[in-house]
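Undergrad: Work out the full structure: start from the sequences and follow the hints.
In case you want the letters, here they are:
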Amino acid sequence: MVSQRISRVVLSAVLLACTVTVAFLLSMALIALTGGSAFGAASAMLQGGVESTASLMTSLQRATPLLLVAIGTVIAGRAGLINVGQEGQVLIGATTGTAFGVYVIGSGWTGQAGTLLAAAIGGAAWAGIAAVLRTWARVNETVSTLLLNYVAVQLVSFLVSERYLLQAPPGSQAISQPLPAPDSLPNVLTGPGYALTSGFIIAVLLAVASAVLLKRSHFGFDLRVLGFNPQSADTFGIRRNRVLITSLMASGATAGLAGGALLSINPGGVTPTFSANYGWDGLLVALVANYQPLTIIPVALGFGIIRAGSDFVVASGVNATIAYVFEGLIALAVLLPTLVLRRQVWALRLAQAAVRRPEKAEPEQAAPGTAAGTGAAVPATPPEIEASRDGPHA
Amino acid sequence: MHSATVLIGSGVTLAVLLLFAALGELVAEHAGTLNISVEAMMLSGAYAAGAAAHSASSPVAGVAAGTAAGAAVAFIQANLSHRAKLDQFVVGLVLVILVQGVTSFLIGATNLTVVPGAGNLRIPGLASIPLIGNALFNQPWSFYAIYLVLPLIAWVLYRTRWGLEVRASGENPGAARVSGVDVGRRRRGAIYVCGLLSGYAGAYLAIGIVGAVSIQMTAGQGYIAIAAVLLGGWSVRGTVLACAIFGAVEGAAVGLPSLGVTVNSQLLTAAPYLVVLALAPLIARRRSQPAALGLPM
Numbered sequence: 001m002v003s004q005r006i007s008r009v010v011l012s013a014v015l016l017a018c019t020v021t022v023a024f025l026l027s028m029a030l031i032a033l034t035g036g037s038a039f040g041a042a043s044a045m046l047q048g049g050v051e052s053t054a055s056l057m058t059s060l061q062r063a064t065p066l067l068l069v070a071i072g073t074v075i076a077g078r079a080g081l082i083n084v085g086q087e088g089q090v091l092i093g094a095t096t097g098t099a100f101g102v103y104v105i106g107s108g109w110t111g112q113a114g115t116l117l118a119a120a121i122g123g124a125a126w127a128g129i130a131a132v133l134r135t136w137a138r139v140n141e142t143v144s145t146l147l148l149n150y151v152a153v154q155l156v157s158f159l160v161s162e163r164y165l166l167q168a169p170p171g172s173q174a175i176s177q178p179l180p181a182p183d184s185l186p187n188v189l190t191g192p193g194y195a196l197t198s199g200f201i202i203a204v205l206l207a208v209a210s211a212v213l214l215k216r217s218h219f220g221f222d223l224r225v226l227g228f229n230p231q232s233a234d235t236f237g238i239r240r241n242r243v244l245i246t247s248l249m250a251s252g253a254t255a256g257l258a259g260g261a262l263l264s265i266n267p268g269g270v271t272p273t274f275s276a277n278y279g280w281d282g283l284l285v286a287l288v289a290n291y292q293p294l295t296i297i298p299v300a301l302g303f304g305i306i307r308a309g310s311d312f313v314v315a316s317g318v319n320a321t322i323a324y325v326f327e328g329l330i331a332l333a334v335l336l337p338t339l340v341l342r343r344q345v346w347a348l349r350l351a352q353a354a355v356r357r358p359e360k361a362e363p364e365q366a367a368p369g370t371a372a373g374t375g376a377a378v379p380a381t382p383p384e385i386e387a388s389r390d391g392p393h394a
Numbered sequence: 001m002h003s004a005t006v007l008i009g010s011g012v013t014l015a016v017l018l019l020f021a022a023l024g025e026l027v028a029e030h031a032g033t034l035n036i037s038v039e040a041m042m043l044s045g046a047y048a049a050g051a052a053a054h055s056a057s058s059p060v061a062g063v064a065a066g067t068a069a070g071a072a073v074a075f076i077q078a079n080l081s082h083r084a085k086l087d088q089f090v091v092g093l094v095l096v097i098l099v100q101g102v103t104s105f106l107i108g109a110t111n112l113t114v115v116p117g118a119g120n121l122r123i124p125g126l127a128s129i130p131l132i133g134n135a136l137f138n139q140p141w142s143f144y145a146i147y148l149v150l151p152l153i154a155w156v157l158y159r160t161r162w163g164l165e166v167r168a169s170g171e172n173p174g175a176a177r178v179s180g181v182d183v184g185r186r187r188r189g190a191i192y193v194c195g196l197l198s199g200y201a202g203a204y205l206a207i208g209i210v211g212a213v214s215i216q217m218t219a220g221q222g223y224i225a226i227a228a229v230l231l232g233g234w235s236v237r238g239t240v241l242a243c244a245i246f247g248a249v250e251g252a253a254v255g256l257p258s259l260g261v262t263v264n265s266q267l268l269t270a271a272p273y274l275v276v277l278a279l280a281p282l283i284a285r286r287r288s289q290p291a292a293l294g295l296p297m
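First to last, the sequence lines map onto chains A and B. If you count the first sequence from 1, position 184 lands on 184 in the working numbering, and the numbers rise without skipping. If you count the second sequence from 1, position 112 lands on 112 in the working numbering, and the numbers rise without skipping.
I should point out that these hints are in silico values taken from the structure, not numbers from a laboratory. Every residue, glycine too, gets a C-beta built ideally from N, C-alpha and C. Hints are supplied without guarantee of correctness; some may be wrong.
What the hints assert, rightly or not - Among chain B residues calculated to face chain A with C-beta under 10 angstroms, some are: (1) VAL96; (2) VAL99; (3) THR103; (4) LEU230; (5) VAL261; (6) VAL263; (7) GLN266; (8) ALA280; (9) PRO281.
What the hints assert, rightly or not - Taking beta-carbon pairs under 8 angstroms as the criterion, some of the chain A residues facing chain B (in silico): (10) ILE238; (11) TRP280; (12) ASN319; (13) THR321; (14) VAL325.
Unchecked claim - Residues from chain B that keep clear of chain A, each with C-beta distances beyond 10 angstroms, as calculated: (15) ALA72; (16) SER104; (17) LEU136.
TA: Take a look at the structure:
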């Protein structure tokens, strides 16, 4: 079984390398077709993302909000909840964080910690609307979180357009007052031309903590039971609504925290488009990582490199939105190998079943419709259990 | 022009935009599929329509290209989620992000903004009916397809063998399969219908309504169309009514400022989303949704 597992890992790595290469080539083809220099864009992407220590630090900085968003997405996903409201939660978090910095405490470590905490609370409260709608009125959380994104943009647009609320003093632009002390987190590593804020370290620690929480804690168990089989949650005496509200709000809290982290990346003040797709990309990170709490760390880093690199791509004369094309293609590229793998596992099981029970190995068992029945004939691992290990959205 | 006429006019224009996409999504949801890629289908339709109309300087070619682009997105969604059995929600989300990226990139790279518009086509006589005549019979030519599509969808869904099999696939896929219905095939077919109609909706938006192409120009209209199907209780009549409500709210957001009425613009823009959220508890209480909606086969 071990060698089988290794061959699966190797196969998936090879497939992934192939599909990611195809995704890369497709992006380059798109650039070339629109008259840009594909090679120039690719080298600029590498230059901005990984070439020097400074660009690596920028990549880590861009990866921080993505990782934070993905942590929450994984937590909610394990409870079977599909939160797609991260974009709005990030924006609301950035706004509440700014409000705290501007109106309560702006400087010192209390100001910094308070800003981040206020950001997390803002995001949690925004997700809380969807949680309450779900538990009290049975409104599907996917629909409500999706729609709340658009409401969040308008709410923030209103807040940053009124002088008595958050608008910056000069002019009539829709932009908030900047934080008094925008460098909200201390640096842990500084050198010539670069600095690593503690944000990324905190995000990685949070990711590890959430992995432990999901795997080892009572709360994590409750979450997984609710996600895999809501009916059996009652048997275990799990208070469904409570777990549901907690996990969705935790998801909003990390997204809000990502908004707080964004405040130190873009210190100029909050605008209605401040979240800049960080919420959607963080969701994509969680999907690409197949809702695995530790896998999101390298995936977020990869997406951070793409984002940092795309800033350099602009200089080579290619539109920076190529980063979104690339990210979308990468997500598709990561989804496809799981298909081939699943096929392969099915073929393997059918073959095993045929060997063990030769008299039962009739031709129609090869049909996909009867595959579940064939799987039941193999006592070792019924397919349902194998499938459930891949997470709620496999 | 009378202010009520203006408001009803812009309301109907926007309601029909939603209705094209919502009728497609209605068919898809009756087959048990929940495509959030409607947004991607509309956006790709809008861009392709604008690009084709611009390069061929023909609005008809634009509408054809937009419809085809919606169908192309539907082809990917249908085959990845109902042939290859990837999670339909994940595929939809990835498609939305991908199409948003590709269209934003292409708009930025090609400087394509203004699209040759077609102008309104006034039906003489009918357009003179007071109050509603102007709204229903003085519209861009691409608007009038709704008079054909609406009864056609109602007939196909409830009066044909194909429609029956589609609905069976959404209510009880197991029983449908035992009865000899190829559930996966019916579901893919329903998504193709959704793609064609959503692509057409995007083309109508770019060529008929706006006359231009801009980044993320659908701005969540696809999601509103999905919400209209839910709010309409999965019936043709209900979907039309829900689209009319959303169209009226959006039309008011567009029309009120030009009439000199000052209402908070952010509130007006957020209004359709707030209306859905406010009405959602009522929808959730109803039990009319296809039993296997969103469940994989």
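Undergrad: Hint by hint, note whether the structure agrees.
TA: Results of checking the hints against the structure:
no.: 1; hint: VAL96; result: holds (9 angstroms)
no.: 2; hint: VAL99; result: holds (8 angstroms)
no.: 3; hint: THR103; result: holds (9 angstroms)
no.: 4; hint: LEU230; result: holds (7 angstroms)
no.: 5; hint: VAL261; result: violated (18 angstroms)
no.: 6; hint: VAL263; result: violated (12 angstroms)
no.: 7; hint: GLN266; result: holds (4 angstroms)
no.: 8; hint: ALA280; result: holds (4 angstroms)
no.: 9; hint: PRO281; result: holds (3 angstroms)
no.: 10; hint: ILE238; result: violated (22 angstroms)
no.: 11; hint: TRP280; result: holds (6 angstroms)
no.: 12; hint: ASN319; result: holds (4 angstroms)
no.: 13; hint: THR321; result: holds (4 angstroms)
no.: 14; hint: VAL325; result: holds (4 angstroms)
no.: 15; hint: ALA72; result: holds (14 angstroms)
no.: 16; hint: SER104; result: violated (4 angstroms)
no.: 17; hint: LEU136; result: holds (29 angstroms)
Checked against the numbered hints given earlier, the structure breaks hints 5, 6, 10, 16 and satisfies all the rest.
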